[in-house]
Every structure is written in structure tokens, then in C-alpha cells.
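Novice: Full structure from sequences and hints, please.
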Amino acid sequence: MNLMDQTFQQLKLQHETALIPFITVGDPDLDITVDIIKQLEAAGADMVELGVPYSDPLADGPVIQRASQRALQHHVNIEVVIETAQKARNAGVKMPFILFTYFNPVLQMGLSRFFTALHKGDISGVIIPDLPIEESEEVRELADAANVHLVPLVAPTSNDRISHILSKARGFVYCVSSLGVTGERASFFSGVEEFIQTVKERTDLPVAIGFGISSGEQVARFSKICDGVVVGSAIVRQIEANIPLLLDAKRREEGLLQIKQFVSQLKQ
Amino acid sequence: MTQLPDEHGRFGRFGGRYVPETLMNALIELESAYRKYENDAQFLAEIDYLLKQYAGRETPLYYAERLSRHLGDAKIYLKREDLNHTGAHKINNAIGQAVLAKRMGKKKVIAETGAGQHGVATATVAALMGLECKVFMGEEDIRRQQLNVFRMQMLGAEVVPVTSGTATLKDACNEALRYWVSHVEDTFYILGSATGPHPYPMMVRNFQRVIGDETRRQILEIEGRLPDVIVAAVGGGSNSIGMFYPFLQDEDVALIGVEAAGKGMDTPYHAATMNKGSHGVFQGSLSYLLQDEYGQVQPAHSISAGLDYPGVGPEHAYLKDLNRAQYVPATDQEALDALELLCRTEGIIPALESSHAIAHVVKIAPTLTKDDIVVICLSGRGDKDMESIMSYKKGGKQA
Numbered sequence: 001m002n003l004m005d006q007t008f009q010q011l012k013l014q015h016e017t018a019l020i021p022f023i024t025v026g027d028p029d030l031d032i033t034v035d036i037i038k039q040l041e042a043a044g045a046d047m048v049e050l051g052v053p054y055s056d057p058l059a060d061g062p063v064i065q066r067a068s069q070r071a072l073q074h075h076v077n078i079e080v081v082i083e084t085a086q087k088a089r090n091a092g093v094k095m096p097f098i099l100f101t102y103f104n105p106v107l108q109m110g111l112s113r114f115f116t117a118l119h120k121g122d123i124s125g126v127i128i129p130d131l132p133i134e135e136s137e138e139v140r141e142l143a144d145a146a147n148v149h150l151v152p153l154v155a156p157t158s159n160d161r162i163s164h165i166l167s168k169a170r171g172f173v174y175c176v177s178s179l180g181v182t183g184e185r186a187s188f189f190s191g192v193e194e195f196i197q198t199v200k201e202r203t204d205l206p207v208a209i210g211f212g213i214s215s216g217e218q219v220a221r222f223s224k225i226c227d228g229v230v231v232g233s234a235i236v237r238q239i240e241a242n243i244p245l246l247l248d249a250k251r252r253e254e255g256l257l258q259i260k261q262f263v264s265q266l267k268q
Numbered sequence: 001m002t003q004l005p006d007e008h009g010r011f012g013r014f015g016g017r018y019v020p021e022t023l024m025n026a027l028i029e030l031e032s033a034y035r036k037y038e039n040d041a042q043f044l045a046e047i048d049y050l051l052k053q054y055a056g057r058e059t060p061l062y063y064a065e066r067l068s069r070h071l072g073d074a075k076i077y078l079k080r081e082d083l084n085h086t087g088a089h090k091i092n093n094a095i096g097q098a099v100l101a102k103r104m105g106k107k108k109v110i111a112e113t114g115a116g117q118h119g120v121a122t123a124t125v126a127a128l129m130g131l132e133c134k135v136f137m138g139e140e141d142i143r144r145q146q147l148n149v150f151r152m153q154m155l156g157a158e159v160v161p162v163t164s165g166t167a168t169l170k171d172a173c174n175e176a177l178r179y180w181v182s183h184v185e186d187t188f189y190i191l192g193s194a195t196g197p198h199p200y201p202m203m204v205r206n207f208q209r210v211i212g213d214e215t216r217r218q219i220l221e222i223e224g225r226l227p228d229v230i231v232a233a234v235g236g237g238s239n240s241i242g243m244f245y246p247f248l249q250d251e252d253v254a255l256i257g258v259e260a261a262g263k264g265m266d267t268p269y270h271a272a273t274m275n276k277g278s279h280g281v282f283q284g285s286l287s288y289l290l291q292d293e294y295g296q297v298q299p300a301h302s303i304s305a306g307l308d309y310p311g312v313g314p315e316h317a318y319l320k321d322l323n324r325a326q327y328v329p330a331t332d333q334e335a336l337d338a339l340e341l342l343c344r345t346e347g348i349i350p351a352l353e354s355s356h357a358i359a360h361v362v363k364i365a366p367t368l369t370k371d372d373i374v375v376i377c378l379s380g381r382g383d384k385d386m387e388s389i390m391s392y393k394k395g396g397k398q399a
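Line order of the protein sequences matches chains V and W.
In terms of full-length UniProt numbering, the first sequence opens at residue 1 and continues consecutively.
In terms of full-length UniProt numbering, the second sequence opens at residue 1 and continues consecutively.
Be aware that a few hints might be false.
[Unchecked claim] Incomplete in silico selection of chain W near chain V, CB under 8 Å:
| # | residue |
| --- | --- |
| 1 | Leu4 |
| 2 | His8 |
| 3 | Gly16 |
| 4 | Val19 |
| 5 | Pro20 |
| 6 | Glu21 |
| 7 | Thr22 |
| 8 | Ala26 |
| 9 | Tyr37 |
| 10 | Asn39 |
| 11 | Ser164 |
| 12 | Leu177 |
| 13 | Val181 |
| 14 | Val281 |
| 15 | Glu293 |
Honestly, the hints are just simulated from the structure, not real lab data.
Note that CB positions come from ideal geometry on N, CA and C, so glycine has one too.
Specialist: Printed below as a string of C-alpha cells:
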């Protein structure tokens, strides 16, 4: 039981769906990331996915690839991401943090050092998009010992793998809305509702959906059937569009407000 | 050693399947289709037929007498993969995977390419078999391999320019994988090197082992014994693993992989993954990788687009740590000198990739005696590189 579980429980009592924004930490710089996290919470986010920038983000579309490249200019690594989360926490942010990272940076940091740092940094969960269930046993054991949830992805193509994945799931189950990488899209794969229903029937954990969800309308549609909705590229695109404002000390508040307003309307 | 990979796709600790969940069932399906057909007589006969009648196998094992005499006492043989249809060893694997794609009922294929040789090979077999073909290629490589881009287009393939990252081979692989995630249900990914997630490193090796199998038979016929040294260039490592694999059990045969040292091992501009890299997960498998201390992949450099890659196939990583194969560097300049040497002594223009292997033999030649037999895998021909070499000679800078 950690902060993530408590948040999902609380939301369930209130019959609400968690809004889970994704941002790349260090885009456009680290101080602004702390401000953005505060705005996300103020706009109604229930938890936040903090992306560790990576040179070769295989599961990401162009928007998050660009964010990664911008953040890497500031030499952002896993430890910096955790420090940034702590700064946000110290600035009064209450919501749970979920780290999103590709596997190689974790491997280079060392698995035990990684989970010790997550535990100390009050990070509730971790998503590793290129670590399928077959490769994840050791990681999961260390995650469990650190009381950090290793949140698995389930894809529309998972089919007979779903039960195995769910049997090892922690925190929540992250359903991928469609075939493809991250990025806004107008339509999802045709059986998406049935897919989510199948997953929900087989797990007691909260079920969230992500990849390509970008509008208030889409959030509303999936809020009816999911316990959480992840919005990534659409928010990262808002950040990208507001970089000139965000980097201008005099107009930063204006830029932050734009992002806040975008996220607020997602929850209507 | 020859029984690997294990059921988890591991060569020792290397290999595995580090990919997004969306691709997992596709890889499992690919593996079981491959397992189903790998010993199927009709499947193998179709591949054999195409290798022989279409690609022109077997390729000669040619005794390079003038090169041998020029370098000293040892006898140097060239395995002439450059004489294959499309000019390189890449066609061996492209035929194998395309025949498998057809068996699996896939009508669309995609591929990544660096120098363009694998792209051309894939476009070729796609035309032959009536498959729709897209080839992902970094913009930087498109610039330095114009001729191959045009060849692919002539063959009816769509060349998709990749602008992300360093716009070279690694990014073309990323983009091919991303495209595959989106189109996994009707598309077959013909991966060109012995890299990527399981079952690719195994499958590519098995489709390329024809190089080593023929070499073994040919050298026994010609010399009545196995060679002392086998040398092959290593980028991702497909020609080298295909050459090495049938000799793994022959402990008296030294296996040497030559990687690109670019502008020098003491500069950041190289692609010497084995010598300068460390263990890491990249594009689906655990192997050696050029990376910084935080696990960010570092850009590679080589005058040869085919070796310009920061990763390497997992079986090579295994052979290195086992000390069964040795991996050594050769610089851009050494490769160019070797290329010219082969042109002048034998009238053969080798690919820049293969020239790295020749460069290493130039280095070790003084230590060899008249009783030594060396085989170099001449993985491809150099016509595609003429423009790069011209501009290198003019500018003295990277092509």
C-alpha cells in the first residue's frame, strides 16, 4: 500500500477517474518542470507520470521524442528526475509520482540503487515500456521490496498474455489504447471498449488507459469505463507550444496558465 | 555454444526481448513460424533454390594470390559475398525472411537500412515476391548513399527518410520498430542484422550461416584442412556471425571480428562497440553498447555507413566474453588503404565495410607464416561507396 493505492481508493469512493498527465522532466528546463507539476495538480491531475528523457525512445511518437531531446540538453538523468520530484513535493505537491523510463538507464544506474532512490524519493510507481513480463522478474522483486509498483502495460495485441501479465501486475494496469507509439490520434482500435472490459474482468487493480488520448471528449469517453486516463503527448505539445513564454521570466506565469487551462478542460 | 540461444532467446546473459508489449505476440508468432519451418523440406528447398538460381550462390572462395604475396607468406582467401545478386551478403537473409513472410501470409514488408545494402536486398526480394515494401533510412545515410536510394525506388520500394536522433542506421531501426508497432497485424519486419529482439539474432544468423557452411566445405576441398584465421567486419554483425557460426566448435580456428575505429580509438568518432562499449539494452536485446554512464546511447561514427552503429548483435557479445572470438578495431583511413590495396592487387573493389576486415589482415600479416591460411569475408562490393570515397579524398573529412 502506497500513496498511489490510497489515491485510487479515494477516487473510487468519490466515483471519479484519475487524470494522469505525462510530462518529460527537464522540458524545457528543470525549474519549469517543478512549476508545471504544481500547475498540473492545481488543474485537477490526480497523479503524474514523470518521463526520464532517453536518446532512443522506441515507444514514443515525435512529440515526446522532441521533448526528450530538449530535456537531454540539460543532462537530465534518473537521479535528476527524482530530485525534481522531491522539489515539487517540497513545494507542496501532494499527488503520487510515477516514473516513466526506458530500461537501459535503469540498468546502468543499477537495479538496487534505482529502487533505493525511488523509495527515498517517494515515487509510488514505475513504468518501463520496453521491459515485458518475461524480462521483468528481478526488477519486480526489487520493486516490491521497495514498495514501488512496477506498473505493466497491456496492449490490444496481448491476447493470451493478458492473464500472465495481470498475475504480476502492481499498482494499476496500463492499457494501451491502440496499436502504435505515443501521440495524439483521432480514433482508437475498434475493440477498445471490449479490450478494457476483458482486462477489468480479470483484475482487482485499477485499470487506466493511455497512448493517444488528447481531448476532454476522449477523457470523458474513457472515464466511463476506466479508473484512470493518461494524457501525454497532448500536454507535452502544449508545453512545446508555450516554450517561448515559459523561458521568458516575465511571461512564464502566462505560459503556465495556458498549460493549466488545457489540463483543466480535460477533466470537465 | 552452437545450441544457443536458449528458450528465452539468450546467448549466455545476452539477447532477450526488450520491446514494447504491443510487439511481444508478433515476436512470439514469428518465432513459432520460424521454428515450424526451419526444418521443413519445402521451405528449405525454396530458399536453396533462390540462393542458387536467383542470388547466384555458391559464392567462390577465391585464393587472393597477389594480395597474399604482397602482404607476406600466408595464404589469403576471400569469401566472395560481393558476387551475390545485389552485391552483398544481405540478400541471403532477405531471401530467407521474405520466404518466411510469404509462408506467414504477410503481404507487406518493412526494413531498416544503413549503407542501403539491406534495403536494396529487401526491395529486391519484395519485387520478386510481389510484396509491398517500405525501407526506413536515416537522412544522413540517404545523403551519402544516393545510388542505393535510387536502386530501392527503381525496385518499387518506398524509401522513408528518418530525421529523428542522429538520422543514421540506429534511428532507421527505431523508426522501423515504431512503424511495426503501429502495423504489426499485417506487416513483416525484415530485420537486416543479427541484432534486435529474439528471434531475430538467431534467425538472421541461421539465414547467413550459408557463408560459413560453404567456406568450410570449400577450404576443406581446396586445402584439405580448416583455416587458421577467419576475419570479418562487424557492424551489427550479420556477415561475421554467419561466417563464424559453423566454425565455433573448431577451437584451432581463430575468429576475428573487425569493428570501425572511425577517426581513431582515442577520439569520440568511432563505432567500436565491443572495445569501447559496455553491457546495455538497445533495440530489443542486451549486448555491448556505446553509451554514457547514464545509459544514453552515444552516436557512432564510421566512414562506412554499414558499420556506423552503436550496438552489436548479442551472440557476438557472448563470443567476446567467452573469448571464443576476438574483436579488434580498424580506422577509416586503414579501411580506405585496404580498399585501395585490394583494388590494385586483385582488381576487386570491396565495400568499405569489408575493407575493415582486409585492413586487419594487413596488420597481422607480418606475424603469419607460409603455413597459415587466412579467410576474409568479403561481405560486399564497393561500387556503392565510390562517391563517399571521392568526397573523403577531396575533403579529407567524413563522407
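Novice: Next step is simple, just say for each hint if it's right about the structure.
Specialist: Hint check results:
1. Leu4: Cβ of Leu4 (chain W) sits 17 Å from chain V, so the hint is violated.
2. His8: holds, 7 Å
3. Gly16: Cβ of Gly16 (chain W) sits 6 Å from chain V, so the hint holds.
4. Val19: This hint holds: Val19 (chain W) lies near chain V, its Cβ roughly 6 Å from the closest one there, short of 8 Å.
5. Pro20: Holds: closest Cβ of chain V sits about 5 Å from Pro20 (chain W), inside 8 Å.
6. Glu21: holds, 4 Å
7. Thr22: Given a least distance of 4 Å, the restraint on Thr22 (chain W) holds.
8. Ala26: holds, 7 Å
9. Tyr37: violated, 22 Å
10. Asn39: violated, 25 Å
11. Ser164: holds, 6 Å
12. Leu177: The hint holds - Leu177 (chain W) has a Cβ within 8 Å of chain V, the shortest such distance being about 6 Å.
13. Val181: holds, 6 Å
14. Val281: Holds - the Cβ of Val281 (chain W) comes within 8 Å of chain V, reaching about 5 Å at its closest.
15. Glu293: Where the cut-off is 8 Å and the nearest Cβ of chain V is about 7 Å from Glu293 (chain W), the hint holds.
Hints 1, 9 and 10 from the list above are not met by this structure, while the remaining hints are.
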